[in-house]
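Engineer: Protein chains in written order, with numbering that gives the first Met the number 0: chain P, 0 to 323; chain Z, 0 to 292; chain W, 0 to 426.
All the pointers check out, no bait thrown in.
One-sided and incomplete, this derived list gives chain Z residues near chain W with beta-carbon spacing under 10 Å:
(1) Ala219
(2) Glu225
(3) Ile226
Since the hints were made in silico from the structure, they are not lab data. Just so you know, these numbers come straight off a predicted model, no measurement behind them. Heads up, the beta-carbon is just placed ideally off N, CA and C, and yes, glycines get one too.
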Amino acid sequence: MEANQMEQQKSWKKRAWWLIVLIAAGLIAPHVISEFYLLILGEALIMSLFALSFNLLFGTMGQLPFGQAAFYGLGGYGMAMLLTKFQVNFWLSFVAGIGIAALVALLVGIFCVRLRGIYFSILTLAFGQLIFVIIYKWHDFTGGDDGIQGVFPPVFLKDPIAYYYFILLVFCLSAFILWRIIHSPFGYTLQAMRENSERTEFLGIPIARYQLIAFVISAAFTGLAGALWAPFYRSVAPSTLMWIKSGEPVMATILGGAGLFFGPILGTFLITFVHAYLLGFTHFWPIIMGTLILIVIFLLPGGILGFIKEKRDNRNKQNQPSQG
Amino acid sequence: MSFDVLFNQFLSGIARGALLFLVASGLSLTFGVLRVLNFAHGSLYMLGAFLSYSIWKWLLIPVVGFYVATLLTAFIMAGIGLLIEYFILRRLYARGWPEQLLATYALILIITDIVKWFWGGEFLSIPRPKPFTGAVFLFGFPFPSYNFFIILLGLALVVFLWWLVYKTRLGDIIRAAAHDRDMVSALGIPIPWLFTWIFALGAMIAGLSGAVTAPYGAIALGMDIEIIIECFAVVVIGGMGSLPGTLLGALIVGQVYSFGIMYKPELALAFIFMVMAIVLIIRPWGIFGRPER
Amino acid sequence: MKRLAFFTVVICVLSLLLAPVVLAQAKAAPAKEAAKVAVKTGEKDAIRLGGIWDFAGPCYMLSESAVQGMRIAVEEINAKGGVLGRKMDLIVRDTEMKVDVGARETKDLILREKVNFLIGPCSSGVALAVQVVHSESKVLRITCMANTEGQVVDKFTPYVAQVVPNTYMEAIAATRFMNKKYPNAKKFCTIAPDYEFGRREEAAFEEEIKRLVPDSEILYQAWPKPGEKDFTSFITAIMAKKPDAVHSSLFGGDLVAFTKQAAPYGFFEKIPFIALYDLPVFIALGADAPDGVMAFGRGCFFMDPNPKMMEFVAKYRKARGAYPDSWAVQAYDSVYLIKAAVEKAKSTDTEKVIKAMEGINLDSLRGKFFIRPLDHMGSVPCYQGIIAKDPNYPFKVWKDVVKVPGEQVWRSEAGVREVWKKTGVTR
Chain P
0 MEANQMEQQK SWKKRAWWLI VLIAAGLIAP HVISEFYLLI LGEALIMSLF
50 ALSFNLLFGT MGQLPFGQAA FYGLGGYGMA MLLTKFQVNF WLSFVAGIGI
100 AALVALLVGI FCVRLRGIYF SILTLAFGQL IFVIIYKWHD FTGGDDGIQG
150 VFPPVFLKDP IAYYYFILLV FCLSAFILWR IIHSPFGYTL QAMRENSERT
200 EFLGIPIARY QLIAFVISAA FTGLAGALWA PFYRSVAPST LMWIKSGEPV
250 MATILGGAGL FFGPILGTFL ITFVHAYLLG FTHFWPIIMG TLILIVIFLL
300 PGGILGFIKE KRDNRNKQNQ PSQG
Chain Z
0 MSFDVLFNQF LSGIARGALL FLVASGLSLT FGVLRVLNFA HGSLYMLGAF
50 LSYSIWKWLL IPVVGFYVAT LLTAFIMAGI GLLIEYFILR RLYARGWPEQ
100 LLATYALILI ITDIVKWFWG GEFLSIPRPK PFTGAVFLFG FPFPSYNFFI
150 ILLGLALVVF LWWLVYKTRL GDIIRAAAHD RDMVSALGIP IPWLFTWIFA
200 LGAMIAGLSG AVTAPYGAIA LGMDIEIIIE CFAVVVIGGM GSLPGTLLGA
250 LIVGQVYSFG IMYKPELALA FIFMVMAIVL IIRPWGIFGR PER
Chain W
0 MKRLAFFTVV ICVLSLLLAP VVLAQAKAAP AKEAAKVAVK TGEKDAIRLG
50 GIWDFAGPCY MLSESAVQGM RIAVEEINAK GGVLGRKMDL IVRDTEMKVD
100 VGARETKDLI LREKVNFLIG PCSSGVALAV QVVHSESKVL RITCMANTEG
150 QVVDKFTPYV AQVVPNTYME AIAATRFMNK KYPNAKKFCT IAPDYEFGRR
200 EEAAFEEEIK RLVPDSEILY QAWPKPGEKD FTSFITAIMA KKPDAVHSSL
250 FGGDLVAFTK QAAPYGFFEK IPFIALYDLP VFIALGADAP DGVMAFGRGC
300 FFMDPNPKMM EFVAKYRKAR GAYPDSWAVQ AYDSVYLIKA AVEKAKSTDT
350 EKVIKAMEGI NLDSLRGKFF IRPLDHMGSV PCYQGIIAKD PNYPFKVWKD
400 VVKVPGEQVW RSEAGVREVW KKTGVTR
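Using the sequences provided together with the hints, build the complete structure.
Structural biologist: As structure tokens, this is what we get:
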């Protein structure tokens, strides 16, 4: 028993080290890498947030939503429209964007959480597409497929380095909050639901309500990612709401490993940087991405981090004599 | 609204429904037995269309050329389906359905680029084959004969699949496997090969419908994404894994789109998704589906 | 079971034998190579052109055409000694027809590749997003394909110039052509892809036809989604209304599908029709292209067979083994516009080049046109004609071509300023 606790404490210390290194790297990045790679880094952070919020539903709760891009887009659009059409203050628009995403998730989620498995996935896909079509076709209100331009951050954030720090700050805070949620009693209940939903129900847990709460939280953080994105390149467009975009956090999470908190982050960083690098000399990116996914699915079940963890666990098991 | 106008829209809805049924039936078949929702079904459809164009161009036999090309395409696509199932899907049955779903999603990406690589980005067209070049007259209205050909093919497929599933021993095995694959396996039926065969059949149907669509409209990149969403709507509404359901779903989607266009063209697409969502909310397994899983 | 296994193997073998043969044949077809078009002269002070294009969906082949046109122009210029004694480099980036990728790749071209100028993209939606990015970085872009008015009118910035007729110009010219051919037509239908391009063109059509024929009526407007495969329901809906003529901004694969599906209904015999029948559509349709139908376009060789154009055609055919379409022509013109502006400014400094470009005259493949200083809109011609066979070509082309100079159909300066008042552009 004590050996186990010592093991856990050791792994915590190791993890703490990693975290410190990563955050330090994030802080000094703008002074070390070029402006272009800083942009990629910012993009990776935003998409990581997207993937993390997705994984709240997938890794923790065990459901596969395929319509998250709608909330991403709603966050961005909500903010963009308030900022440009109604001249609302940046910070208010930012928060409102998140609110809009969460509100729509509440309305949509009520129906989605009553389903499981593939039906849940398809219904989220259908709702996602419905929201996309509405935004795309309502061009008088949303600008249609022209999108909305002129989404400028406040003056002190206009500088790319400043905005990068803003993204980093929001990301770290959000990741921390999500971490706490996943490792709270609420989060553990979600995991229990994933393992065995019937049993959890017999324990008196209202499954649908918990799932709805998780759905809304996930949508809120996804909307936050969208709201971070809009001022990044100063515009939003309906194409960010298509179901193809919903597949991106899915791929990133599977690649990095759905079972670990940092999995989606690793997967997103890998994909974002490799994508940006490869676009420099080929436009056959999809086949590379597709092949990569297949390779990971076959050779690294549990993703990259899952694979590493399993290797380490096996090694530890070998090193430890069996406890009688 | 006069009768002839309504009748015409109804007919065009039937033609669209027939086309949708041709494509979606393969998806439904695969899901019914293998329990895999093949995201890449639309990509196989697109690949079939491009392949049929190249074969047709290569053969250059007047009149019969198109039909021969369609048949050859169907067989090639069956072979490709076989390879996909054997090398990719088979290893994933033991894993969860999310991995299977993702593998088919990855296939979309791979097949799109394969098409891009071999055929470039050009849109292509095959002229309609004789004798389906003109129009027949129904109630004094012209109705393109090729649309008739598609409807006939749809009917033929319905008959073939019905015969296969309900009148052959293989069909008994398929239905049993759809119900309880472990039991069927315990009875000594080689389930892996059955699955391979079914997936190949599904791919064959996808390729066949792609080849048939080629003279109907244009062959272009993006036709995979365009069709797969409508296919999902069809199988969701009709019932995933149910062939009569797919037929009904296809007809419904065809009519909703056709009449939606007359009254509110911008919202026709939204209607489809709304119906899809409503069905999933009220009766998730579709009109003819079975509540299991 | 054994019979089944045997049959399966037979199929497998058959397909594995056939497939490579067919695929080899597909690949052997000319002009199908992925565009590895970067021109890298290796010179330190080369003028760097960034091509930001969409290599996905319907934009794929248009982008490839454009990039080839750019490349020929760059090679020509370099062979003659470059611009101000400096050679030109060409770097191309893919937006995947996605707005976010497009914005990022534009930044890549500006920050990492340090391009002096940009040309592209194909998609209007991507163009608008890209415009915000490069305008903030103060880099000039020439748009030669994405033609939404949004670029130089609604959301004008000084860092854009347009050498493709915008949606307004194109539709006005086409409407006048149709009205001249069918002056008694009063009842119309439209069919256009349901996105910004289609919406703007039809809006301009509506405006102009009302002006030309005050008692005209638009009976029904069809809005198929871009990439629609089945237009049958739209066709029957339109024919049910019995219009005097139909105006359309369908193009590319959509137009091919529509044409094939409408023909058996006798659509083209019964109803006068005008649409963007350009080279790629003619090549795809072959004999299915409907003779005698009206067409509009932006500058393919059969619309304007002047000596400069035909020289370009010969060069293009030699390099690519195919005929150049309007997209290649306009991209070629874009490169030469930059050359002219840089030479006039005697510098590659963006502000100086923009100043030099305002009012500049260019002797292009499409004849002479100039860049209007107010909104950087090129007075580029709009073409209309009638589809007809031509023994010189393996595809149908146009006859009775009408070439309308841009300044006859663009928004007046007052009109532009009116829109600017509404959209908040100050100039």
